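A.B. asks: Letter by letter, the sequence shown follows residues -20 to -1, 1 to 98 of mature numbering (1 follows the signal peptide of the UniProt record, and there is no 0).
Treat the hints loosely; a few may be bogus.
Capping the alpha-carbon separation at 25 Å, the derived lysine to any residue pairs in SDA-like fashion look like this [said to hold, decoys possible]:
| hint | residue 1 | residue 2 |
| --- | --- | --- |
| 1 | Lys35 | Asn58 |
| 2 | Lys21 | Gln51 |
| 3 | Lys3 | Val(-14) |
| 4 | Lys21 | Gln40 |
| 5 | Lys35 | Val17 |
| 6 | Lys15 | Asn34 |
| 7 | Lys21 | Thr7 |
| 8 | Lys35 | Glu25 |
| 9 | Lys2 | Pro14 |
| 10 | Lys15 | Gln40 |
| 11 | Lys2 | Leu33 |
| 12 | Lys63 | Leu31 |
| 13 | Lys35 | Gly20 |
| 14 | Lys3 | Glu25 |
| 15 | Lys63 | Thr(-1) |
| 16 | Lys63 | Phe28 |
| 17 | Lys63 | Gly20 |
| 18 | Lys15 | Asn27 |
| 19 | Lys3 | Leu(-12) |
| 20 | Lys35 | Thr(-1) |
| 21 | Lys21 | Ile(-9) |
| 22 | Lys2 | Glu16 |
| 23 | Lys35 | Ala13 |
| 24 | Lys3 | Val(-13) |
| 25 | Lys21 | Ser9 |
| 26 | Lys63 | Asp32 |
| 27 | Lys3 | Val(-16) |
| 28 | Lys2 | Leu(-15) |
| 29 | Lys3 | Leu(-15) |
| 30 | Lys63 | Asn37 |
| 31 | Lys35 | Gly65 |
| 32 | Lys63 | Phe82 |
| 33 | Lys3 | Asp32 |
Please keep in mind that the hints were generated in silico from the structure rather than gathered at the bench. For clarity, every value in this text was computed on a predicted model and none was experimentally measured.
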Amino acid sequence: MDRRVLVVLTVIVLLQNVHTCKKSITTVSGNYAPKEVCSGKIIFEDNFDELDLNKWNHEQTLGGGGNWEFQWYTNDRNNSYVKDGELHIRPTLLADQYGNDFLYSGTIDLGKEYVYSI
């Protein structure tokens, strides 16, 4: 192979590997957010060798996740943990921890037609 052809092919390969970033419309924030977000590139990765509490935390609220039904989110490692490189997320029931009588009153609103209270 001609030496000039080899040089040209080498330059082409090197130019293809030059970092080019097509800016993504995705926005990110936080301590672990990359400075530059490129379309088609990984933004965040965790292999779950351990549960990094600097990256992950429990949401603690009674808010109901946007639909405002009764849901209690607690900071309990029984609900999320890492085992064998996998993140495990499991819900727990209030009745298991506090007994069946923990919640003893509430209202079910079925619209303007009917309201049921317990």
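A.B. asks: Which earlier hints can't be squared with this structure?
C.D. replies: 2, 3, 4, 10, 11, 15, 17, 19, 20, 24, 27, 28, 29, 32 and 33
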